[in-house]
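Top to bottom, those sequences are chains A and B.
Position in the first sequence (from 1) plus 63 gives the number in the working numbering.
Position in the second sequence (from 1) plus 192 gives the number in the working numbering.
If you're looking for bench data, these hints aren't it; they were derived computationally from the structure.
Quick reminder that beta carbons are idealized off the backbone N, C-alpha and C, glycines included.
Each hint can be trusted.
A few chain B residues facing chain A, derived, Cβ under 10 Å:
hint : residue
1    : Pro255
2    : Ile261
3    : Leu302
4    : Gly303
5    : Val310
6    : Ser311
7    : Gly316
8    : His317
9    : Arg330
10   : Val338
11   : Trp353
12   : Ala361
Quick list of in silico lysine-lysine cross-link-like pairs, DSS-like style, CA-CA up to 25 Å:
hint : chain 1 : residue 1 : chain 2 : residue 2
13   : B       : Lys251    : A       : Lys212
14   : A       : Lys296    : A       : Lys283
15   : A       : Lys212    : A       : Lys283
16   : A       : Lys221    : A       : Lys98
17   : B       : Lys363    : A       : Lys98
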Amino acid sequence: MRNSFASELTALAAKDERIFLLYGDIGNRLFDDYKALFPERLMNCGVAEANMVSMAAGMALCELRPVTYTIASFMTTRCLEQIRIDVCYQNLPVIIVGVGAGLSYALDGGTHHSCEDIAYMRILPNMTVVCPGDAWEVRLALKAALKQKGPVYIRLGKRGEPIVHQRAPDFIIGKGIIVHKGNDVCLLSTGNILPVVIKASEKLDKDGISAQVVSFHTVKPMDEVLLSEVFSKFTLVVTVEEHSVLGGFGSSVAEWLSDQPSQKAHLLRLGTADKFLYEAGEQNYARQHFGLTSESIATETLKRFGKFE
Amino acid sequence: MKSAHPINIAELSSISRRIRGKLVEMSHRAGTPHLGSSLSCVEILVAVYWGTLKIDAAKPLDPERDRFILSKGHAATTLYVVLAYQGFFPAEILESYARPGSCLSEHPNLGCAPGVEVSTGSLGHGLSMGLGMALAGRVRGLSYRVFVTISDGECNEGSVWEAAMLAPAQKLDNIVVIIDYNKWQATGRSNEVMALIPLREKWEAFGWSTYEVDGHDLNALIKVLRNIPDNTGKPVVIVAHTVKGKGISFMEDDNNWHYRIPTPEEVTKAKLELGLL
Chain A
64 MRNSFASELT ALAAKDERIF LLYGDIGNRL FDDYKALFPE RLMNCGVAEA NMVSMAAGMA
124 LCELRPVTYT IASFMTTRCL EQIRIDVCYQ NLPVIIVGVG AGLSYALDGG THHSCEDIAY
184 MRILPNMTVV CPGDAWEVRL ALKAALKQKG PVYIRLGKRG EPIVHQRAPD FIIGKGIIVH
244 KGNDVCLLST GNILPVVIKA SEKLDKDGIS AQVVSFHTVK PMDEVLLSEV FSKFTLVVTV
304 EEHSVLGGFG SSVAEWLSDQ PSQKAHLLRL GTADKFLYEA GEQNYARQHF GLTSESIATE
364 TLKRFGKFE
Chain B
193 MKSAHPINIA ELSSISRRIR GKLVEMSHRA GTPHLGSSLS CVEILVAVYW GTLKIDAAKP
253 LDPERDRFIL SKGHAATTLY VVLAYQGFFP AEILESYARP GSCLSEHPNL GCAPGVEVST
313 GSLGHGLSMG LGMALAGRVR GLSYRVFVTI SDGECNEGSV WEAAMLAPAQ KLDNIVVIID
373 YNKWQATGRS NEVMALIPLR EKWEAFGWST YEVDGHDLNA LIKVLRNIPD NTGKPVVIVA
433 HTVKGKGISF MEDDNNWHYR IPTPEEVTKA KLELGLL
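Pulled out of the complex, with its shape left as it was, chain A reads as follows (with noise of 0.2 Å):
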C-alpha cells in the first residue's frame, strides 16, 4: 500500500503545486520519484514528529496542502495533541498518513503495533478517518482527502497486500463499498484486513452460510445510509478490524447502533484484543495470535450466526 500511496502522491504533485510531503525520517527509497521531480516539496522533518505535525498546520495556513508520513503508532501517538490542536481544533487541510496499521510492523514488536490509531484518531472533532482496503482505495482516498477541506487520517497498510478490486471502484469519503454480495451475514471490513475478510467469506461459502463483504473505508464519517440497511437486511453484521475491539471500527458501529431503534441484526466485533503482543513473529504470527486469519473469522462468525440461525 505504502508503494501506491507514493505513486499516487508524485501524480497529484504534478498537478497540484500545493502538495508538500513532510516524512519523519523514514521510507528509505519509497520517495525517489517524488523527491527527483519535487526537490522543493517535500522534507525530511526528522525523528520529530510533533514539530512535523504542527509545521504542516502552518503550511496549510498559508495555502499548501501538507501530507505527513510516518509509522501508524508513532504518527498518531507522538504528537496527538499536535494532531488534537494545530489541526483538528483549527480545523486545517492536512492529510496525516499512518503506514503500518494494525500488526503489519509485526516483527519490530509491540512498540511499532498500530491497534488505538482508529480510535484516537475517530474521537477528534473535525477528524476524517479513511482505512482503504487495498492499493486502488488508498490512490483514491488520497485524491479524495485533497479535495476535503479539513483534516483526514489515512490509515495505510505496508506492502504486499492483495490488490482486491479489479479495476478503480466508484470511491467517495463516507460511502462504503460492496465487495461481494451475500445473503445470511455481513462482513463490514476496515483497512488492510480486508483480503483476509474476503477469504474468510469464501470458506463461509463453503459452509453454505452466503457472507456479503464491504469495504467500510470510511471510519468517520459512518456511511449510516449502508449501516442501516445491513442491520435491516442481515441477522449478523460481523466487523473486523486490524485494531483493537476498544474504541475503533466496531465500537464506532456499536455506539450508531445503541442510539438506533431495535435492529434485526447483531452485532459481532472482531479485531484484536485488549492486550499487548510482546512475543517476535511476523505479521501472520500476529494474526493468529489475535484470531484475525480467515479460518478464525469465518469460525467466530458460524458460531455466533448459528445461535441466531
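Since chain A is already given, all that's left is putting chain B on it; use the hints.
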C-alpha cells in the same frame, strides 16, 4: 515599507503605558489571570508591530504579510490590545473579552479577531507552526517573515527544541523567535525548574543567529528586529530579558501575579503609576 519608517520612541513608550493600563483593567474586569505574563511582553509586541511588521490592518489576510505568532498564548490580552490599537478591530470589542459567548477568550483562537494568526494556549506549538509558515513562504516564493514570541517556561517543552534543531538545518532565515525571558514560570523560577542557563548559548549551539537585549528597551528591540534577515543565513532568536509584571511597581518580579487578579484599588494604583489617571 514600515521598516524604513522613523520611529518615535516617546510615542511608543506612551503606547506601551496605555497598553499596560488596558491589561490591568481587563484582568480585573474579566477576572482572568496571567497579568504578570501579559505585562512582560508589552515592549516585544510594540517593537514588532510598530517597529517592523509588514502588515496592513485593512488587509489582514494578505498572503504576503509578515506573521506574528504569540506562542505564549496565555498573554492573549496583550495581543488583543495591540491588534485593537493597530486598527485590526474596534477597541470596543475588547470590552467583550472573556464574557460568555465572546470570541476573545483567555487564549487566542485562530480568526477570533482579525490579525490572530493561530490558536495557541498549549505551549510549544507556536514556533513549529511558525516554521511551517516560513517554509511555505519559501516554497511559494514569498518574502514574508514570521515572528514568534515564546516564553522561557515554554522552553521546557521538547517540541521547541525539535523546531530549534530543524530551522537551522533548513537554513531558514525568515523566522525570528523572541524569548520573553522574564525568569519565572507558573510555579517557580524558570532557571530552577529546568537548567535554562545559559539560554542564548543553547540557541547558538543549535545553529541560530542569537541576540540578547533588554526586553523593555524599545530601541534595542527595534534595532535588531529591523535587521532581519540578518545575512547570516540562519534563523534568528532574540533573548529578551524582561521582568514579569513589568511597568507596575507592586507587580514586578512577583510571581503571585501569574494568577492574581487586581482589585479595583490596585487597578487605580497601577493606572496612577502609568500616568493614565
